[in-house]
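Undergrad: What follows is the residue order along each chain.
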Amino acid sequence: MQEGSTPDSADATSRIADSTIISRSPSVLTAEVDGEVVMMSIEQGQYFGLDDIGSDIWKRLDSPCAFADLIDRLAADYDADRASIAADVRALLESMAARDVVRLA
Amino acid sequence: MQALAGWERSGTHAYRLCGLKLDSQFALPALPEWDGPADAAADVDCRRGEVPSRLSRPDYIGPVFQTSGTGEYLLVLPGTGRILVRNGNEITVEPEAAPAPSNLSAILAGPIQAVLWHQRELLPLHASIVVINGRAVALCGDAAAGKSTLAAMLAGQGHGVIADDICVVDMRNDGEVSVTPGCTRLQLWRDALTELGVATDGLERALEHKQRYFLDCGNRLPLQPYKLAAVVRLVRNALPPARLERLRGAEAAQAMYECVHTQRPARALGRAQPIFAAFPLMTSAGVGFWRLMVPRDLAGLRQAAAQLLATMED
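As they're listed, the protein sequences go chains A and B.
Mapping to my numbering: the first sequence position 60 is 60, numbers consecutive.
Mapping to my numbering: the second sequence position 291 is 291, numbers consecutive.
So that you can see chain A by itself, here it is in the shape it has in the complex (with noise of 0.2 Å):
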């Protein structure tokens, strides 16, 4: 994962729960560039940058679902503990909501 200040990442502070559902902002644009997954929110014109397993994580979100059925998906193709996954992935999604390139539910 890159880019961006790396939130707490105890599940305690977060706003993301195992139901909280997660979507693509609908105002993000993005585009593939030297092998890495570019997006900027229109609306806050920051830009973000996702490695080949963040890429992956914006692939699974092309519908949105709870963040227990992502992890449960990711667990299954990754080899990693889930708690372990769940605490990365948690991660990775709330700076991603700060951009406004995904939202929360």
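Output of the computed footprint for chain B on chain A, the stretches with three or more beta carbons under 8 Å from beta carbons of chain B:
(1) 23 to 32
(2) 37 to 49
To give an idea of the interface, some chain B residues facing chain A are shown, with a C-beta separation under 7 Å as derived from the structure:
(3) R248
(4) A250
(5) Q254
(6) P280
(7) T283
Think of the hints as simulated: they come from the structure by calculation, not from any bench.
Everything numeric in this text was worked out from a predicted model, so none of it was measured.
All C-beta atoms in this analysis are idealised placements derived from N, C-alpha and C, irrespective of residue type, glycine included.
Given chain A's structure and the hints, the job is docking chain B onto it.
TA: Okay, now just chain B, sitting in the frame of chain A:
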């Protein structure tokens, strides 16, 4: 020295605005005089007239400007006046005082020119352009980032300058990214000229009552479009030594976006999406994005110029 008493001179001045002809009732000393056919029709008209205090159907209302679609932009500057820009070809100015306030010329040549380019669906960067090895290198940065000073130093080493403060990127030909020459004269404060060892005797003043001068750095380059090789964002007052860093991905995109003259009006005029789309096009056309950390002193500036030349001439 050409006196700025030309302000209220009657009649019309004709200027070359990156290949377009601009007829203006206001003297705009930062722009080169029109050197094409005398009877050519104006592409852009800038004249005095009545300007409303608000647009009839604004899409965006900010503290100093409003927009309606891409075609209308209204700037309201207390103490200076109101300026309406329409359809990339019409600038109407209602100054608050007569003679016109002395900052009007800089506003017309800078932010208002940028709005014209956005309306014409071109991409204006806040940059001075130096031609190195036949290719354009855009030196970008905010006011006082040292764009013009670095450009003047490179010009002193034989490289030509084809734009100061604002440059226009043209991507209308598929797969090509070029810049059109604008002003070959740099605007420099006397301190910068002194540092560079240039005497101010005989130089035309860029601002009345201020120690800011024009220095011609064109080095007789032909005024044709040049392929854009690099966008270099200057960071001034960096800790020594000078460093040139290649940017990639989102960092490069952010740097390009921050070089747009200027982001807020561009977004309000609906240009955010085309600007975003410009970045991958520029990358695939071979434009490199860089950050140049420039220390404050002359030695640091020399180092920065040397690093830039070594990389761009490679």
